[in-house]
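Q: Okay, here's what each chain looks like letter by letter:
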Amino acid sequence: MAADRSPAELERFLAERADHLLRTAVLLTGSREAGEDLLQTAVERLLRRWRRFDGDPEGYLRRTLCNLATDGYRRAGRWRQKERLLQTGVRHAPDATGDVDLRDALVRLLWQLPVRQRAVLVLRYWEQLTDAETAAILGCAEGTVKSAGSRGLARMRELAGDWNGTAAMCGGEGKRS
Amino acid sequence: MKDVEDLLREGMERFTKDLRAPAGLTRRVVRRRRRRLALRSVAGAATALAAAAVALVAVEVPGAGTGGPAIASTAVVKRVDNALSAAEPGDIAQMKITTHSASPYGGPAVTTTVEEWSYRDQWRSAADSPTGRLLYDEGFASSVYTLVNYRTRTWARETGLGRAAGALSGPARSCSSPGCRAWASRPVRRRWRRPRTCAPRSPAEGWSWLGGSASTGSRRSS
Chain A
1 MAADRSPAEL ERFLAERADH LLRTAVLLTG SREAGEDLLQ TAVERLLRRW RRFDGDPEGY
61 LRRTLCNLAT DGYRRAGRWR QKERLLQTGV RHAPDATGDV DLRDALVRLL WQLPVRQRAV
121 LVLRYWEQLT DAETAAILGC AEGTVKSAGS RGLARMRELA GDWNGTAAMC GGEGKRS
Chain B
1 MKDVEDLLRE GMERFTKDLR APAGLTRRVV RRRRRRLALR SVAGAATALA AAAVALVAVE
61 VPGAGTGGPA IASTAVVKRV DNALSAAEPG DIAQMKITTH SASPYGGPAV TTTVEEWSYR
121 DQWRSAADSP TGRLLYDEGF ASSVYTLVNY RTRTWARETG LGRAAGALSG PARSCSSPGC
181 RAWASRPVRR RWRRPRTCAP RSPAEGWSWL GGSASTGSRR SS
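Quick mapping for you: the protein sequence lines, in order, are chains A and B.
For what it's worth, our numbering labels the leading residue of the first sequence as 1, then goes sequentially.
For what it's worth, our numbering labels the leading residue of the second sequence as 1, then goes sequentially.
Fair warning: there could be bad hints in the mix.
[Said to hold, decoys possible] A short list of chain A residues far from chain B (calculated; beta carbon distances all over 12 Å):
1. D4
2. A15
3. D37
4. D54
5. Y60
6. A105
7. V115
8. E127
9. A132
10. A135
11. A136
12. C140
13. G143
14. T144
[To be verified] Taking CB as the label site, the calculated pair distances span:
15. A:D56 / B:E5: 20 to 28 Å
16. A:G55 / B:K96: 38 to 46 Å
17. A:A132 / B:A23: 35 to 43 Å
18. B:E5 / A:D19: 29 to 37 Å
19. B:S143 / A:A15: 46 to 54 Å
20. B:P22 / A:T130: 26 to 34 Å
21. A:S147 / B:D18: 29 to 37 Å
22. A:D56 / B:G132: 52 to 60 Å
23. A:A132 / B:L37: 34 to 42 Å
24. B:R31 / A:D54: 46 to 54 Å
25. B:R31 / A:G161: 17 to 25 Å
26. A:P114 / B:R34: 34 to 42 Å
27. A:G55 / B:S142: 34 to 42 Å
Derived by calculation from the structure, the hints in this document are not laboratory data.
Built from N, CA and C at the ideal position, the CB exists for glycine as well.
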């Protein structure tokens, strides 16, 4: 027998979990606006079948977010690509430690990775999912998840290596030219 | 030195820690869905309107009327009207288009206002002249397209768009009965009535006028 859920139940669920899901969406898309848009689209899909929805809404939303992102959600946004390129050179004021800047840089680099690698890293390191769970959400083999994650991390390590070298040369302030 | 995985995790946490989902997310999503549906509906109505205009321009109008009773056309359009009245506001798409265009027959530019409504597979469109006088009214329901041209006092009906014009019919263009004169000179009211005194005849003039319809931008110089 299918569940007959009320809209109030959805509102309660979103009041509890929407913040976390928004953070996931922002990490997947790279900006708050795009993240909100992605989340609203996912919620809209859930809303369409909410009455008879029988399952874990958070899991459904997470899967929808990833699918929308990896399917090239609003891929037509050439402007967004340009925007990302423009953002590459922009850096916030450095914090007290080099590690903090490196964290920022890693998150920015995350958005330059191919969308599949990005989704894998977000699911593994933000959502704390296993390779198997990540593969189930992305609808691919576990091996694909492992290789995508490994490539993404390798790129991150390159950046971290460069960063440490530069930081050492600059006296540990973590500045990059 | 921390591992890059830990740094990435901390970076994600740090970067998104101030993010809060907008208040009333569900309501926003519901509104957004309604807007999307309305836009889709308007797009469908516009496509149907363009298709209807193209089909009508392509139809060869016979010299003499062969039509059925005039009440049939008003009944069809009335059905659209009723559907619009009964429908939920969220299901209805409505738009108003004001067009300035050169007259296809020469002379000064013409400003026409077309108001369209659509509801599921039904739509209705009414065009006003620059002086606010109702020029024509169109409706499409149950595969029947109906046009009433108030300017020429003709009407026509087409069952199944693009078919031969055998089903077209219309009242006289120059009916001099008192009922017709009174009807033509009355103030604009969105009512689907016509005088019963008009006998069916060719709506040819009506079609040529429709060719210059503001809502499609097409021209016909017949």
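Q: Next, verify each hint and record whether it holds.
A: Now the hints, each set against the structure:
1. D4: For A:D4, whose nearest Cβ neighbour in chain B is about 17 Å away, the distance exceeds 12 Å, so it holds.
2. A15: violated, 8 Å
3. D37: violated, 10 Å
4. D54: Nearest chain B Cβ is 19 Å from A:D54, so the label holds.
5. Y60: The assertion about A:Y60 holds, with a minimum of 14 Å to chain B.
6. A105: violated, 8 Å
7. V115: The assertion about A:V115 holds, with a minimum of 16 Å to chain B.
8. E127: Label violated. Min Cβ-Cβ 10 Å, cutoff 12 Å.
9. A132: holds, 18 Å
10. A135: Consistent with the label, A:A135 stays out of reach of chain B, its closest Cβ about 19 Å off (over 12 Å).
11. A136: holds, 21 Å
12. C140: holds, 21 Å
13. G143: holds, 19 Å
14. T144: holds, 19 Å
15. A:D56 / B:E5: 20 to 28 Å: Check passed, 26 Å falls within 20 to 28 Å.
16. A:G55 / B:K96: 38 to 46 Å: At 44 Å between Cβs, range holds.
17. A:A132 / B:A23: 35 to 43 Å: holds, 36 Å
18. B:E5 / A:D19: 29 to 37 Å: violated, 24 Å
19. B:S143 / A:A15: 46 to 54 Å: For B:S143 and A:A15 the Cβ distance comes to about 47 Å; the hint holds.
20. B:P22 / A:T130: 26 to 34 Å: The hint (26 to 34 Å, Cβ to Cβ) holds, given that B:P22 and A:T130 are roughly 31 Å apart.
21. A:S147 / B:D18: 29 to 37 Å: For A:S147 and B:D18 the Cβ distance comes to about 34 Å; the hint holds.
22. A:D56 / B:G132: 52 to 60 Å: For B:G132 against A:D56, whose Cβ atoms are near 58 Å apart, the range 52 to 60 Å holds.
23. A:A132 / B:L37: 34 to 42 Å: Hint holds: Cβ distance 38 Å, inside 34 to 42 Å.
24. B:R31 / A:D54: 46 to 54 Å: violated, 26 Å
25. B:R31 / A:G161: 17 to 25 Å: Because 48 Å falls outside the window, the suggested range is violated.
26. A:P114 / B:R34: 34 to 42 Å: holds, 35 Å
27. A:G55 / B:S142: 34 to 42 Å: holds, 40 Å
Of the hints listed earlier, those the structure fails to meet are numbers 2, 3, 6, 8, 18, 24 and 25, in rising order.
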